[in-house]
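Kindly produce the complete structure, drawing on both the sequences and the hints.
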Amino acid sequence: TQLLEQSPQFLSIQEGENLTVYCNSSSVFSSLQWYRQEPGEGPVLLVTVVTGGEVKKLKRLTFQFGDARKDSSLHITAAQTGDTGLYLCAGAGSIQGAQKLVFGQGTRLTINP
Amino acid sequence: KAGVTQTPRYLIKTRGQQVTLSCSPISGHRSVSWYQQTPGQGLQFLFEYFSETQRNKGNFPGRFSGRQFSNSRSEMNVSTLELGDSALYLCASSLEWPGTDTQYFGPGTRLTVL
Numbered sequence: 001t002q003l004l005e006q007s008p009q010f011l012s013i014q015e016g017e018n019l020t021v022y023c024n025s026s027s028v029f030s031s032l033q034w035y036r037q038e039p040g041e042g043p044v045l046l047v048t049v050v051t052g053g054e055v056k057k058l059k060r061l062t063f064q065f066g067d068a069r070k071d072s073s074l075h076i077t078a079a080q081t082g083d084t085g086l087y088l089c090a091g092a093g094s095i096q097g098a099q100k101l102v103f104g105q106g107t108r109l110t111i112n113p
Numbered sequence: 114k115a116g117v118t119q120t121p122r123y124l125i126k127t128r129g130q131q132v133t134l135s136c137s138p139i140s141g142h143r144s145v146s147w148y149q150q151t152p153g154q155g156l157q158f159l160f161e162y163f164s165e166t167q168r169n170k171g172n173f174p175g176r177f178s179g180r181q182f183s184n185s186r187s188e189m190n191v192s193t194l195e196l197g198d199s200a201l202y203l204c205a206s207s208l209e210w211p212g213t214d215t216q217y218f219g220p221g222t223r224l225t226v227l
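Residue numbers (the numbering used here), protein chains in the order written: chain L, 1 to 113; chain S, 114 to 227.
Warning: the hint list may mix true and false statements.
[Unchecked claim] If you want the footprint, here are the derived chain L segments under chain S, 3+ residues with CB under 8 Å:
id	segment
1	43-56
2	98-111
[Stated by the list, open to error] Computed list of lysine to any residue pairs in SDA-like fashion (alpha-carbon distance at most 20 Å, straight line):
id	chain 1	residue 1	chain 2	residue 2
3	L	56	S	143
4	S	170	L	98
5	S	170	S	143
For the record, the hints were derived by calculation from the structure and aren't laboratory data.
Glycine included, each C-beta is placed from N, C-alpha and C at the ideal position.
This is the structure we're talking about:
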């Protein structure tokens, strides 16, 4: 059972379209991070959200942390081929008595020209 | 500043063998975490080291072990390899422990078990 559920797992859209990726949990996290991973590389941190309801923008990417700090979303406006990659959310918090970072399974995004 | 480096980048082993993977964290980072990434399970936490001590451990069998040296470099070892151990093994470093703040990942070691 995944502590963090990401949806969709796969998404293929045309350049210029908008999309939203979701990251959901029944657990409360102290912070939530979003990473992007490209083939042959390790994940790279895009953003960290800490406060419930927080919204952060990174150019065409908008990240939101749920009010209850259990879920998050990533919205991309006018997707570009360079946005193609594996998007991972990761929740930080006390899990089984230890401070841990747990990852969702990822959303594999393909932007077609 | 140099990023996290992992060696080797690719490995092919046969069942029953053992393997050692190496990770050099970003200079000044003292916490090193290891993850296993597979298409079916995603990114699974193996263990975290800080000050040469294992601080956290994931749900992996005892065949998976690791250590950290005084210069913060880390190694992980997998003994008696099984086909299911084929995966991308990622190392990540962070400044302090727990490493739940920004983690900087290396490119990974792709292990194939035949």
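A quick look at each hint next to the structure:
1. 43-56: holds (count 4)
2. 98-111: With 9 residues in contact (Cβ-Cβ under 8 Å with chain S), the coverage given for the segment 98-111 of chain L holds.
3. L:56 x S:143: Since the Cα atoms of residue 56 of chain L and residue 143 of chain S sit roughly 29 Å apart, the hinted pair is violated (cutoff 20 Å).
4. S:170 x L:98: Satisfied, since the Cα-Cα distance of roughly 9 Å is no more than 20 Å.
5. S:170 x S:143: 17 Å, holds
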